[in-house]
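S.K.: Residues per chain are reported as follows:
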Amino acid sequence: MHNLTIKQMSEKLRSGEITSVQLTQHFLDRIDQYDGELNAFVTVTPELAISMAEEADKKIAAGEAELLTGIPVAHKDIFCTDGVKTSCSSKMLDNFIAPYDAHVVTQLKKVGMPILGKTNMDEFAMGSSSESSYYGPTKNPWDHRAVPGGSSGGAAAVIAAGLAPLATGTDTGGSIRQPAAFCGITGIKPTYGSVSRFGIIAYASSFDQAGPMTRSAEESAWLLNAMAGFDERDSTSTEGARPDYASELNNSLKGLKIGVPAEYFGEGLDADVEKAVKAAIAEVEKLGAEVVEVHLPNKELAVPSYYVLAPAEASTNLSRFDGVRFGYRCDQPTDLEDLYKRSRSEGFGEEVKRRIMVGAYALSAGYYDAYYLKAQKLRRMVRDDFTTAFESCDVIMGPVAPSTAFNIGEKSDDQVSMYLSDLYTIPVNLAGLPAISVPAGFANERPVGLHIIGSYFSEAKLLNIGHQFQQVTDWHKQVPAHYQ
Amino acid sequence: MSWEVVIGLEIHAQLTTKSKIFSGASTEYGAAPNSQACPIDAGMPGMLPVLNQAVLGKSIMLGLALESELGMRSVFDRKNYFYPDSPKGYQTTQMDFPIVGQGKLEIELEDGTKKVIGVTRAHLEEDAGKSVHGIVPGQTGIDLNRSGTALLEIVSDPDMASAKEAVAYAKKMHELVMYLGICDGNMQEGSFRVDSNVSVRRPGEPLGTRAELKNINSFKFIEKAIEIEIERQIEVIESGGQVVQETRLYDSEKDITRSMRTKEEANDYRYFPCPDLLPVIITEADVQAVRDVMPELPDAKRIRFVSEFGLSDYDAAVLTGSRAMAEFFEKVVALTEAKDPKLCANWMTSGFSGAINRDGLTIEESPVSAEMLAGMIKRIIDNSISGKIAKQVFEAMWQGEGTADEIIESKGLKQITDTGAIEALVDEVLANNPSQVEAYKAGQEKMLGYFVGQIMKSSGGQANPGQVNQMLKAKLK
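Same order as they appear, the protein sequences are chains A and B.
The opening position of the first sequence corresponds to residue 1 in our numbering, with each subsequent residue numbered one higher.
The opening position of the second sequence corresponds to residue 1 in our numbering, with each subsequent residue numbered one higher.
Be aware that a few hints might be false.
[As the list claims (entries may be wrong)] Computed cross-link-like contacts, DSBU-like style, restricted to lysine-lysine with a CA-CA straight-line distance of at most 35 Å:
#, chain 1, residue 1, chain 2, residue 2
1, A, Lys58, A, Lys109
2, B, Lys220, B, Lys378
3, B, Lys254, B, Lys331
4, B, Lys172, A, Lys110
5, A, Lys85, B, Lys18
6, A, Lys91, A, Lys353
7, B, Lys378, B, Lys441
8, B, Lys79, A, Lys341
9, A, Lys85, B, Lys79
10, A, Lys353, B, Lys130
11, B, Lys115, B, Lys220
12, A, Lys353, A, Lys411
13, B, Lys441, A, Lys299
14, A, Lys374, B, Lys79
15, A, Lys341, B, Lys473
16, B, Lys172, B, Lys130
17, B, Lys331, B, Lys378
18, A, Lys91, B, Lys130
19, A, Lys278, A, Lys477
20, A, Lys341, B, Lys475
21, A, Lys91, B, Lys475
22, B, Lys388, B, Lys473
23, A, Lys109, B, Lys473
24, B, Lys475, B, Lys378
25, A, Lys353, B, Lys79
26, A, Lys85, B, Lys130
27, A, Lys377, B, Lys79
28, A, Lys341, A, Lys109
29, A, Lys254, A, Lys109
Calculated from the structure, these hints are not laboratory results.
Just need the whole structure built from these sequences, with the hints factored in.
M.R.: Encoded structure:
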C-alpha cells in the first residue's frame, strides 16, 4: 500500500476500496517496524492519527473529500502542533507541548490529513545533515552509513523509506532541497511569502519558508496547494489568492529556455554528480527545451552573506528561550543571571550556540557595519545576479549539492565544509526565489538531485518541468531495496 | 561663577488602542495577572507580530500637532536585552527611522514668556511586562498584561534650562496628547511616563554628563526631583567630583535622588531591523485622512475663544485647559444661542469648576450636564432669575433636584418683574425708613444702595434689581 502513488491512494479512498484508518494504520505499522533503525521521527502520534483518519473517513463517506483527504502526513518538528510535543529537535523544547497549530498544520487539518507524527531535524533547523538533533542523527534509507541531509532530514527519510506518503519541511538555506536530493525524493521551496510562517519556530525569519516533500513533482503540487495561502497572522505573507500549482503540470516544455550557469559546475563539484545533473538537463532538452549560458558571478558571496545574516536573525529569534516561561530550565538557579546562563548553555546544542555567538557578534556595536550591513549588500548583489540571469532564461538548472549524501560523522567536525555543502541552495534563499529538487539518478549508489530555480512565483512552472521530467524518467520511483 | 542647566525629556505615552501594538489582546488596565497576555505577548515559539494599524493615525496626529517631519517610511527594529518581563528577549521599537521626526512645541512660563522646545522624534514601540515581587515568598512573578501595549516615545531636544521649563513642557505635552485623544494621560496607571535627562555646565562649555530621572508619576515631584538633581550635580562638581552617567530614582519621602543601578553595565542592544515586520509606509492620503478628523489644538482654540466670544485671555486659558472643559463650554454657549458667552464663561470658571473641584469629580462625572447649565443660564438672560438666585438654583441642580425650570418653579424662585408688586415693595421700604429718605433727599445719594438692599431682602432676592433701581429713583425725585 505504501508504494501506491498519492493519486492511487486518493482514488482507492474515494471508491471505498480502502479506508483512511487502514491506510493510516499501515503507515503507523511501518513506522513501528522501521523507525527504530532510521530515527526519522521525534514523536509518533498514533492515537491522533487514527482519530483524524476516522474523521477523514466520515468526510469521504459524506462525499466531501478533497484530493488529499484521508492521506496521512508527517510534519517536521518545527511546525507547532496543538497538544503535541514540538521540540525543534532541541533539548530546549523537549518538554514543550504547543498550545496552537502552525498555519500549515491548520491548513492540512482542514483538508483532513491524519498526522502520523513529527519528524527529526537539525536542532532549530541549523544544519545540513540532521546530525545536530538532540534525539540523535537520522539515517539515510539508501545507506544507513549516510546522512539524509538537513535540516529536514527526517522528512526526506520517511518519504524515501515509505513511512509516510507526504511530509512537510522548511527551507532556510536548502533544508528541503538538499535532503530531498540526498534521499532521492522531490521537494520544493516556494517563493518567500507563499506559505505562512505562523507557528513555525523561527530560525532566520527573512529566509524561512515551508514546502512539501514528496515522491513526485505532481504530488508536491497537490500538497503545496493545501499548504500555501495568505495568512494575516504573518506580516510577510504575500496577499491575494495563490495559483493552482498543479494547473501547468501537463504543459509542454517546447521553447523553454534553461539557463545553465558555468559557476554551478566549477571546482568542488563531484564529477559523478556533475555527470548525472548534465544527463538530466539533456533529458529536459529532449522535451523541447533549449540550453542557454547564464552567469551568476556573485555565487561565491552567497555562503558568507548567509552565514552572517541567518545567525544574526537567529541570535535574537532564539532569545525567547531563556528558561523563564517555557522550555528547559536549569536545576537550582542561584540567581537570574545563573538561570539564563545555565538554561541556555545546557538547553542548546553546540551548533545552535555557535550560530547565536556568530550572530550576536555580527550585530554588536562596532561590527554591525562591517558584518551585518555588508552581508545585506552582498545579499542584494546575489539577488541582482538572478534578476539579470532571468532576462535571458526561464529557469536555471544545476546541482542541488556538490556531492551525494556524505557519511554520518564525516563533516561534523568541519563546519566550513558542512556550510559549503549548501553553496548551490543558499543563493536561492538570499533572493527569496522558488526552487525544486527532483531525483536525477545516482552517483556512487547514492541519489542525486536536479536543482531547478525559477523567478518569483513561478512554482507552477517548476512543478511542470519536474512533472514532465518524471514522465520520461523513473528516478523518483526508485525505492531503497530494504524498504520496498 | 554661574551654572547652566540642560534638560531633555523622554515621554512614554501609552496610545489609546483597544488591543496591543502587535497582537489582538486587550489593553484594559487592572485585569488579573496574565489574563490579557496572548501567546504573541508571551513570546511563545512560532508566534509573529502583526502591526495594529490604529497606532499609525494616532502617531501621525501627534506629528501634525508638533509640526513634525513625518516618517513616511518607518522601520521597526529589535532592541536586544534579557530581562524576565521582556518575553522575546528583545523589544520591538523604532531606531533609525521613527514614524515622527523633528518637530516643536511652544510652552508658556508662569511669567508669561514663551519658549519653543524642539521635539527630536517620536517613535512607536511595545511596552514590557511587569515583575511582581512578594506574591510568592522569595520568588519573582511575571505579569505580561502590559507586555505589547502600544507606546509612543516622545523625545525632546535638550532645550529646557530649568525644572520649571521642563514641567511646563511635560504639562503641555500631557494636555496635547489628551486633547488629541491619543493617550488617556493617566500618570498613576503609567499611561504617561516622564523620564528627565538632567545635566549642568558652565556657560559656553560643552554639555555635561547627564543623569536620567525615571519613574516619577506627578508633575510636582518631577519638578522637585529635577531641582534636587541640579543641586546635587553642582555640589558634586564644585567639590571636585564628576557626575556619573546613570539612572537615578527620586525618593519623595526623603526628598533625594539616588542611583538605581549599583553596577554600571554598558549595554549593547544590537539593534537591527525586525525581519518579521515590513517597513511602515504612510501615504499623503493617510496624512490627509488624519488631518480631516484632527481636533482643534489647544492654542488655536484659546485664540478663537478670545476673538469669537470676547473672553479674557485668562478665561480662555482656563476653558481650554482640557478638551472636555472646552467642549462643555462650547456646548453651553451653543445651547444659549451665544447670547452671552461671557456669562457662560463666568459660570464655567467659577460655579461649575468650583463644584467639580470641591467634589473631586471629572467633567464627565458632573451631575449638571451642559444642557442643564445652559437651561439655567437662559433664565438669567431672560431675567427670570438673578445671578444671586442662580447660585441657589445651580446648587439644587448639583444635588439632583431637577432642571433649572423645575427648581425655579417648585421653589418659587422666579424673579419679580411685575411693576405693581415691585412698587408695593418700594413703597413699603420707603415708608418704613423716613429718616433715610430725608438723608437721601438732602444729598446722600449712597442711601440708594441701602434701599435696594432692603427691598431685595424683603423680596427674598427675587425682585428684579434693575426695575427696583429705576422705580426708587423715580419715587425719590
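S.K.: Among the hints numbered above, which are violated by the structure, and what are their numbers in rising order?
M.R.: 2, 3, 4, 7, 13, 15, 20, 21, 23, 28, 29
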